[in-house]
Amino acid sequence: MRPPLQSVNDCVVKFANVNGSGSASANGLFAKAVFRMGIPLSAKNIFPSNIQGLPTWFEVRVNHKGYIGRRGGVDFMVGVNPHSMVRDVAEVVPGGYFLHDSTKPLAPTLKREDLHYVGIPLTDMCIREYRKPRHRQLFKNVIYVGALAALLDMDFQVFKDLINEQFKRKEKLIPANINALEMGYNYAKEHYECPLGVRIQRGPCEARHLTETNPIFIDGNTATALGAIYGGATVAAWYPITPSTSVVEAFEKYANKLRVDPGTGQKKFAVVQAEDELAALGVVIGGSWNGARSFTATSGPGISLMSEFLGLAYFAEIPAVLVDVQRAGPSTGMPTRVQQSDVISCAYASHGDTKHVLLIPSTPAECFEMMAQSLDLADQLQTPIILLSDLDLGMNDWMSPPLDWEKGRGLDRGKVLDGDALDKMQERFGRYLDVDGDGIPYRTYPATHPEKGAFFTRGTSRDEYATYTENGAEYVKNMDRLIAKWETAKKYVPSPKMRKSPWKTEFGMMFYGTSSSSCYEAMDHLAQKNIWVDTLRVRAFPFNEDVQRFLDNHQYIFVVEQNRDAQMRQLLINECDVNPDKLIAILNYDGMPITAHFIQLEILKLECVSDQLHADALDVNALI
Amino acid sequence: MSFTKSKFRHPKLPTNRRGFTRASYEGAISTLCAGCGHDSISAAIIQACYELELEPHKIAKMSGIGCSSKTPTYFLGKSHGFNSVHGRMPSVATGANLANKDLTYIGVSGDGDTASIGMGQFIHVIRRNLNMLYIVENNGCYGLTKGQDSATADEGSVNKKGIENPFYGLDLASLALQAGASFVGRSFSGDKNQLIPLIKAGLTHKGFAFLDVISPCVTFNNHEHSTKSYGHVRDSKDAVPLDFIAHQDEITAEYDPGSTQEVKMHDGSYIRLYKSREDYDISDPFAALTEVAKYNRQGKILTGLLHADTYKKSLHETLNTSDTPLQKLGDEDLIPDSEFLATINQSLR
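Going down the list, the sequences are from chains A and B.
Start counting the first sequence at 230; every next residue gets the next number (our numbering).
Start counting the second sequence at 1219; every next residue gets the next number (our numbering).
If you are wondering where the hints come from, they were derived from the structure by calculation, not from laboratory data.
The C-beta atom is built at its ideal place from N, Cα and C for all residues, glycine as well.
It is possible that part of the hints are untrue.
If we take Cβ atoms under 7 angstroms as the criterion, some of the chain B residues that face chain A in the derived model are [what the hints assert, rightly or not]:
no. : residue
1   : H1275
2   : A1278
3   : H1298
4   : G1313
5   : A1317
6   : N1318
7   : L1321
8   : Q1339
9   : H1342
10  : N1538
11  : S1540
12  : L1544
13  : L1547
14  : L1559
15  : N1563
Stretches of chain B that chain A covers, calculated by requiring three or more beta carbons in the stretch to come under 8 angstroms of a beta carbon on chain A [claimed, not checked]:
no. : stretch
16  : 1300–1309
17  : 1549–1555
Between the sequences and the hints, there should be enough to build the whole structure, so can you do that?
Set out below in structure tokens:
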């Protein structure tokens, strides 16, 4: 018998359920309770592309140091889906716990010598307590959450408070839910020596950057939607696609709260569910062309369809904001699993010489800020801006610093000439004339002036005055100005974030988006082995000089990403001055969020790293 | 290429009541083939806007790709125009219209742009009843790529190479009726007496106004045995004449009410149809469908206003958007209080 795991505020708790059985809200209650207790956590919903009946998981990582990337392995499994139990049992680490419904005995094949089993007769308890079949199913989930509170030594009052808040508007559901919680709690107390070795307790926390900001618990898509509200978006057009759907749904929800005239009931926004992604981006382009901030949200398959319009917006210089919540491709791929595999397709979407500005958030707070910034940037640069989020960030709840909007901050609509400006103009208005030398021309909205400022927008080649031309010199002048504008964009986009190791090192690590938490964790673990790594979190494309300097200053650079083809590495080779041999790809692309363990393992396997380990520690496997 | 015209105008050119001459509505010189039906439609648009006394800069011209989609360069030179991508004008027009409900939107498309690559967007812009005039300049062939059959080429019509079209020709007016268009008309580029009032009515209609205008391609589809040639259309069309009486116009003539049918528009203007055939209720799209089918079966072309429903809600009414156009909303309308964010943050703890 393996001794049970012992840990305080450092564990992975996973729930294995059947989708459509109401487990999501009970599991969410557990995660929210950890959050309320002030302990850093991440909560990841691992769900099927299905509405009812297939296996679904919810994985909560609790870590007092603030490591909220995925860890890998499970310390405490709540295994209540008979269909996935074989793999669920296998996933638990030696010494870990397996909670199951003991109404029926567990099959002998599911018994592992090195695990500790916690049986609770969930079905039996529900049959005795509830009459309606739906209640019997729903409360089973609440009962195991109550049991966890006792087993893991959690503050039971927090659970009760959450139930009271959750059902504030449906008060009659409160007693039934609290009763179910107590049933589980009491059963565990009576039948097991509570608490067990794995514990979640209020207490001091080393992750001040997370806990001292008065954090919130929010998914990236909701934060993105709020960014669109504060960023002044008025037109949203979209086609439903997992995992981006909740961006526009949340936008509409908040707009209905915030943008409705109380007197007339009229709306200061418009949401159009388009016939497909092509039309969705068409609506955005039309809206932006006519002066309304517009955006769409989609995922990889939508990017493929939108490529034609992206080329138009790039070439005709029309602002457009596009949120790509990436999922696993190619084609339909794994629609409910995560990847960072649209980097190349977004950066160079559409035929001809095109490049697009990408903003890459890695926290909900950045989703909020970068979405608002995207709307400004699109107007300032008169080009599409793609917010490159992903399923893990978009659909899961994250512990995040609160959203912040500086009082008095306004919208920057870029170079738009109004009627007065046109009146004062002596020279002829040239829509594509580089007046300021930054590659960004001035534009006018339709109906600005009776006589001046009208022009013809087109995807065909034109001269500086927007007149159609097939003159090669004029075409080249325009294409070169677009590159000048691209150079300007480098000054506008968010800079990468660097963390330097305390010692000078030839090792660098580059990453972006949701790989970040796991990379920082891996960086700490490597430091404990005297492998010092500087890190650079890329937050935008085009790359600015900070990226180039990082490449110049390191001999070996681990480029960590969640796709097969090392797309960011390709982009760096393509756009920067770097010897490709320096860039070592660390890739995870199984659709599950990357873990620190994996990153560390891959790096330690590298010859350039193992050479630096002490002679007595050369056995890499012994280190991990 | 496009050419600009001489700016010189006779000082005593007549003006409309807003003070605009007809020339104020013109554009660059057309580069289409001499005799192209599309140029007549451009001229009809210019005349209709002049007569309706619209302010040129408050019109937005939208188009897709193709010969027809090039024409917005050749009219309304003081208006903003948007030559978008092939078959996708309806979505761009939708966004533009959502941004500013106060402008007049004219979309010009062709049979390739609408009936093939853009069929999806066409049907869906109708479903949304976007407030715009959508003209298809229908010549049954792809002009810019030298005369291939389009999806509206009639079955059995002979193309430039002498080959009979083996496929069924789509009837865009019937499709528009089926999709719920609130205003549907058909006309002929060579019949300006009918086309101009139809365009005026379509521009005045609050909702989606669709005009299928047969517009012969003189270069690739104007020969014998083509059903989209000038000769064939003239011989086989049955035109229902009409007048458009704008709300600001005086009524000058009295007609025997028994020989006309009137359609009242939302702004007090009305359309007067002169009967030349058995009557049907113009507000009933199914009656219109039947009537069109009857003509099609006989190989004839029914032109005129086919259907008008002036009560149907336009997209802005459906979405209940503010009277102030969305593009005119300022920071104070759009950015919620910082305190509200504090409330949201609190709700997420």
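Structure-based check of each hint:
no.: 1; hint: H1275; result: holds (5 angstroms)
no.: 2; hint: A1278; result: holds (5 angstroms)
no.: 3; hint: H1298; result: holds (4 angstroms)
no.: 4; hint: G1313; result: holds (3 angstroms)
no.: 5; hint: A1317; result: holds (3 angstroms)
no.: 6; hint: N1318; result: holds (5 angstroms)
no.: 7; hint: L1321; result: holds (6 angstroms)
no.: 8; hint: Q1339; result: holds (6 angstroms)
no.: 9; hint: H1342; result: holds (4 angstroms)
no.: 10; hint: N1538; result: holds (5 angstroms)
no.: 11; hint: S1540; result: holds (4 angstroms)
no.: 12; hint: L1544; result: holds (4 angstroms)
no.: 13; hint: L1547; result: holds (6 angstroms)
no.: 14; hint: L1559; result: holds (5 angstroms)
no.: 15; hint: N1563; result: holds (4 angstroms)
no.: 16; hint: 1300–1309; result: holds (count 7)
no.: 17; hint: 1549–1555; result: holds (count 5)
Figure legend: structure checked against the earlier numbered hints; every hint is met.
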